[in-house]
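Protein chains: 4
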Amino acid sequence: MDRSGPSGRTGVWFIGARGSVATTATAGCAAIAAGLHPPTGMVTETPPFADSGLPPLPALVFGGHDTLDCPLAKRAETLADGGVLPPGLPSAVRAELDAADAEIRPGGPLPGDTRDDEQLIAAFTADLTDFARRHGLARTVVINVASTEPAPGPDALRLPASSLYAAAALRAGCAYANFTPSTGLRAPALAAAIASCELPHAGRDGKTGQTLLRSVLAPMFLQRALAVRAWSGSNLLGGGDGAALADPAAAAAKNAGKERVLADTFGTAPEGEVHIDDVPAMGDWKTAWDHIAFDGFLGSRMILQTIWQGCDSALAAPLVLDLARLLARAHEAGISGPLPELGFYFKDPDGGASAALGEQYAALLSFAERLRGQA
Amino acid sequence: MDRSGPSGRTGVWFIGARGSVATTATAGCAAIAAGLHPPTGMVTETPPFADSGLPPLPALVFGGHDTLDCPLAKRAETLADGGVLPPGLPSAVRAELDAADAEIRPGGPLPGDTRDDEQLIAAFTADLTDFARRHGLARTVVINVASTEPAPGPDALRLPASSLYAAAALRAGCAYANFTPSTGLRAPALAAAIASCELPHAGRDGKTGQTLLRSVLAPMFLQRALAVRAWSGSNLLGGGDGAALADPAAAAAKNAGKERVLADTFGTAPEGEVHIDDVPAMGDWKTAWDHIAFDGFLGSRMILQTIWQGCDSALAAPLVLDLARLLARAHEAGISGPLPELGFYFKDPDGGASAALGEQYAALLSFAERLRGQA
Amino acid sequence: MDRSGPSGRTGVWFIGARGSVATTATAGCAAIAAGLHPPTGMVTETPPFADSGLPPLPALVFGGHDTLDCPLAKRAETLADGGVLPPGLPSAVRAELDAADAEIRPGGPLPGDTRDDEQLIAAFTADLTDFARRHGLARTVVINVASTEPAPGPDALRLPASSLYAAAALRAGCAYANFTPSTGLRAPALAAAIASCELPHAGRDGKTGQTLLRSVLAPMFLQRALAVRAWSGSNLLGGGDGAALADPAAAAAKNAGKERVLADTFGTAPEGEVHIDDVPAMGDWKTAWDHIAFDGFLGSRMILQTIWQGCDSALAAPLVLDLARLLARAHEAGISGPLPELGFYFKDPDGGASAALGEQYAALLSFAERLRGQA
Amino acid sequence: MDRSGPSGRTGVWFIGARGSVATTATAGCAAIAAGLHPPTGMVTETPPFADSGLPPLPALVFGGHDTLDCPLAKRAETLADGGVLPPGLPSAVRAELDAADAEIRPGGPLPGDTRDDEQLIAAFTADLTDFARRHGLARTVVINVASTEPAPGPDALRLPASSLYAAAALRAGCAYANFTPSTGLRAPALAAAIASCELPHAGRDGKTGQTLLRSVLAPMFLQRALAVRAWSGSNLLGGGDGAALADPAAAAAKNAGKERVLADTFGTAPEGEVHIDDVPAMGDWKTAWDHIAFDGFLGSRMILQTIWQGCDSALAAPLVLDLARLLARAHEAGISGPLPELGFYFKDPDGGASAALGEQYAALLSFAERLRGQA
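Residue numbers (my numbering), protein chains in the order written: chain A, 1 to 375; chain B, 1001 to 1375; chain C, 2001 to 2375; chain D, 3001 to 3375.
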């Protein structure tokens, strides 16, 4: 497989290309490349990654699938009104938003769509191939940032949409990451395609806020031999994500990831539930409250509470750009298969990753060094 | 130097032996040794330390210096009334408390004390030597858990009390740890004695609550390339610690440690202050609120707040027992000098230690393995 | 109707007499009467109620119904172990607990119970009459403090248990209050009996924590013309109450009360949900987090969060004693019918009560004055 | 005294006319008058005040004193950048901002100012008289919204600046309110002038956030007979207010007001301190954390914590407009002297006001009715 192209340009193909995360990533990449903002939140712009041969931000070309048709520039204005993007940014990067907008193709299946799974995969694959050909891309990374799907039942006859897109990524020879709790590559029907694809792919369900915190706090309790008795959480969020997660099946998929880090750290999940409430008044801003009841020496009862107030899109977007660059470089370096080294980014990392953020970060630095060695 | 004794018993000598931490550690050690409670909070009772040759809990013999004369058993009753010790525990371990009480010697200098520094050091050394001789101890570890001293001025003519005790420890051939922000071994006048003593010693200022949290949260922000703009904190506590820290000079010494972990992690300390309020109504329970303002992608403003409600004595006591065991074993194994490997326990670790808890834990596990190899 | 008895003693009959609230109230009344504790939390022990002719605490005689048979003294010990009662209190008031224990009769319907509603009401009435007769009581107040029942469906053929007890109270000539969200007197089938009973009765669903807060905070926002956009809440609690409210139907009954105060204050309920989680590790202690998103001048977005950490039984018990005394005195004074003047105590007050705590308190003071005038 | 003017227009003269509060009030009044925003936060725009004869918003004419010379329009832009004003608002009300800007006169004493107190008062009085004359105003209300002054020492030879402005207000026949903790009318030297002025004046130190909360929570604890043991608070804020309050003397003046509401409610102030930290990163947004330790029944220990995240300028501005309208109307109606009926707005109300917000609101409604009767 030839991994280099004439241009050295790298495609970033978003599933959910008109959503908050993709819009923020597309606009932000342009703003940082233009020197309008520092690359806050982008781990791959920190010194340890300087010589790892990652594609530079100006070399990224954006496109994607989406089932909606709101223009990216308008979506960006809405995000600026909600405080997710700085005022003035959408107009400053209007050209780049329009360019990406022109590369967004209709997703599916749409309501009334009569195409079967194979037809949909073929159509999506053709979109990817066409995108790479027209831009003379060295390679393309596909990243799912669409709304969380309900968890599919065990008897589902068709693949969930996220898996159709994932199958198309493999067929088109693209590296793949799933930043959502949706099924993506984890569909059993894709096992054979994955095994034979020789492509790098990574994780599931990006770790941006409450779970990020849990991935440092849970190891702290464990290392200090403190006995966590109950870990409860509540999330309030609005925006599209809030509406999507108001569906109990989608929330269940999301919560499974939140609890996984606790179960992985402690061996067994402590008492406690996690709630996700759709609160439209919150817009794209999320508040997550965690309450951790733990025992100390001689059974003394203690409590830690955390309140996280953040903007999920702004937290996710730089990580998504990180993943695109790391997967593109891994692809170029001939690294394939699941990458537990990218567990730093995920609630549900690929097998073999630690659940502790500190160890995940160490693994990521080693990966950066490995890429450096192959540059 | 002969490090073994006929009995294999190890002395634990507390500076501040009648204080909350020492009383809790003494009572708790007895309770755990008797099987009354699991060893929650004791890191050295977790599997990685099983074969490191640490002295078993029943082999620890307690004594110490204090300037007060409230009997340990009565002190323990007061702690039980305040919820620090379980009701019933003081009477269950009455014999062990009385035995430790009989080994507490007057500290100094007391008000009106006419002894000079050398006379005080000599007296303290004699107390330590006598303790070891009478019990036939293999060795003794001295641990400072007394109230925080005001930071000494640059022109102080005499050593602070904590340094007199530390000098006595060296002179008596005892390993030493300073769990408080007081000067201890860090007095310039002790440099020569430290250099020639061939004894292991460790850190300053135990890390039990707010700083423990900071040592996992600050690396999280750093690793995620999020820009911390301000980190503010407020502590409410009563008990003896609250009263001691109501002295601004003592609070300043304490706060220096809290801010060190941020400065060490970020390179420079972010905006924000730390307050310590004496709130007698809180008793021995402490509440620490932290407010962290940080920037994400494209300058989006986000906030994390943490509320920690814990009992400082119950947090400190198991760590103090850990340190006694680790230092005793290091002493036995011929390891001497400062031990950055014990940075896990301190706000102000010995030189060379990382400020991130995860890395400190990894260093501690390596140290446990090293001790295992020498067993 | 003759309202005075030879002894001047007043009966307090608890539905749920072996539960946490009843046990705490019974033990606490004895402890305060004996001068062991100040009457913290008892509004009727404050100066404005001094001359209202309320029955003194030593004149209260306790009894009740319960479907469990754990002895009160043992229940009290369990509460003391969980920190609800002070250690030592159960033994100090053992005699009073045993006396109350002897006055607890089996509730119903029990599993397999073949009695119909009328038979159950008759049995409960006989228990009440017998209690009054044997003790020569001037009168008895019945207070429901049993676990929350699931809300009955519209087609239920039988009365819920709480209504059977309420019907018995009316038939036995007892004043009645319902401190739970269960149906009690609000069953349509009881309307005729209520109308003809000439007995005072009050409210539904005691207001002890999160709703208490809401009843002062919601008026604050309203009075300041601030626009509440969303009010979300999460409750963590263990104990029997946590287990009972893990039943979604019971939680729904409870939450209806919590939201009522907001709807009553604002005219319409703001966005936001309330969750109740059963967290056994919390024991009888409850943590309630509220998140209130509101708009200020020119649409500026602001947030208030509250965290309430309390013991529901200790919050409820003094209010239950208050209600018993106030209803007994109202009964003596010939006041009958619903008492909106006691809205201060309830999430769901009798018709005509304000939803604002300050106004409810003013109404309560007027009621105290009215009782004073009739003394 | 003739209180009516040919125009019916009312002057609003801000001391600190270029500060955040005055700028927000000036811009906001224009925006609401133009129908661009609803009057959220303005109590005088709610129904109970509809017929009280208050001057309508379009009839208000703004001017003031300030020692800075940043143009109002530019100040408004800065506030919009910081999220205090909506983006776009400064340009939408540019004409009104420029008109107010033209009416701002230099304050004093400036550094190097050689004028004595009498000369300064005369100059300020002339500014006020000139303002009224040129605009043909019916009357003018002077409101102090300048930065908090350090509390003057007992031996100060000169009046603090806030008192010079207050003296000028009296001399020019203007009603007066002091929205800051500075001395204002409370200087002993002004007593005679106040007694003879026949002007309405009100309170000290506006109640916008943490103290607003305290004025509903403290009565709640009192009414429920719960024993508050300690009430501690911490405030983080940036902006000009944060910088001014970094001066310990200014912070002391501010904190006195915060503690007054507790002392007034409980009879004696509970344990606990209040901190105000200057955190420039917070901009004009303030976070206030309160921790309230209280005892319930039988000494059970409970805790309430509140976290208030608001924009002080946006909270103050509508209240300042309220005060201007109420004082103007009182002046018109011939009401003079201190107005405890406006205690709703102040941390340090005029004598006779309750400390409970609910009672203050009731008094305010009565005042509105009284004004209605005189219309």
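Please keep in mind that the hints were generated in silico from the structure rather than gathered at the bench. In this text, a Cβ means the ideal position worked out from N, Cα and C, and glycines have one as well. Some clues are possibly wrong.
Claimed, not checked - Derived SDA-like pairs (lysine to any residue); straight-line CA-CA distance at most 20 Å: (1) A/Lys74 x D/Pro3087; (2) B/Lys1074 x C/Pro2087; (3) C/Lys2074 x B/Pro1087; (4) D/Lys3074 x A/Gly88.
As the list claims (entries may be wrong) - What follows is a list of derived Cβ distance ranges for each label pair: (5) A/Gly88 x D/Asp3051: 44 to 52 Å; (6) A/Ala156 x C/Pro2150: 54 to 62 Å; (7) A/Gly88 x B/Glu1369: 54 to 62 Å; (8) D/Ser3091 x A/Ala156: 51 to 59 Å; (9) A/Pro280 x C/Gly2153: 27 to 35 Å.
Structure-based check of each hint:
1. The hinted pair formed by A/Lys74 and D/Pro3087 meets the criterion: a straight-line CA distance of about 17 Å does not exceed 20 Å.
2. At most 20 Å may separate the alpha-carbon atoms for a hinted pair to count; B/Lys1074 and C/Pro2087 meet this at roughly 17 Å.
3. For a cut-off of 20 Å, the pair hint linking C/Lys2074 to B/Pro1087 stands: about 17 Å separates their Cα positions.
4. Distance check on the hinted pair: D/Lys3074 and A/Gly88 sit about 18 Å apart at the alpha-carbon level, within 20 Å; holds.
5. In this structure the hint that A/Gly88 and D/Asp3051 lie 44 to 52 Å apart at CB holds, the actual value being about 45 Å.
6. For A/Ala156 and C/Pro2150, the hinted distance range of 54 to 62 Å is not satisfied, since their beta carbons lie about 34 Å from each other.
7. Our hint of 54 to 62 Å for A/Gly88 and B/Glu1369 holds, since their Cβ atoms are close to 56 Å apart.
8. Roughly 55 Å separates the CB atoms of D/Ser3091 and A/Ala156, a value that falls within the hinted 51 to 59 Å.
9. Taking 27 to 35 Å as the suggested C-beta distance range, the pair A/Pro280 and C/Gly2153 conforms, at roughly 31 Å.
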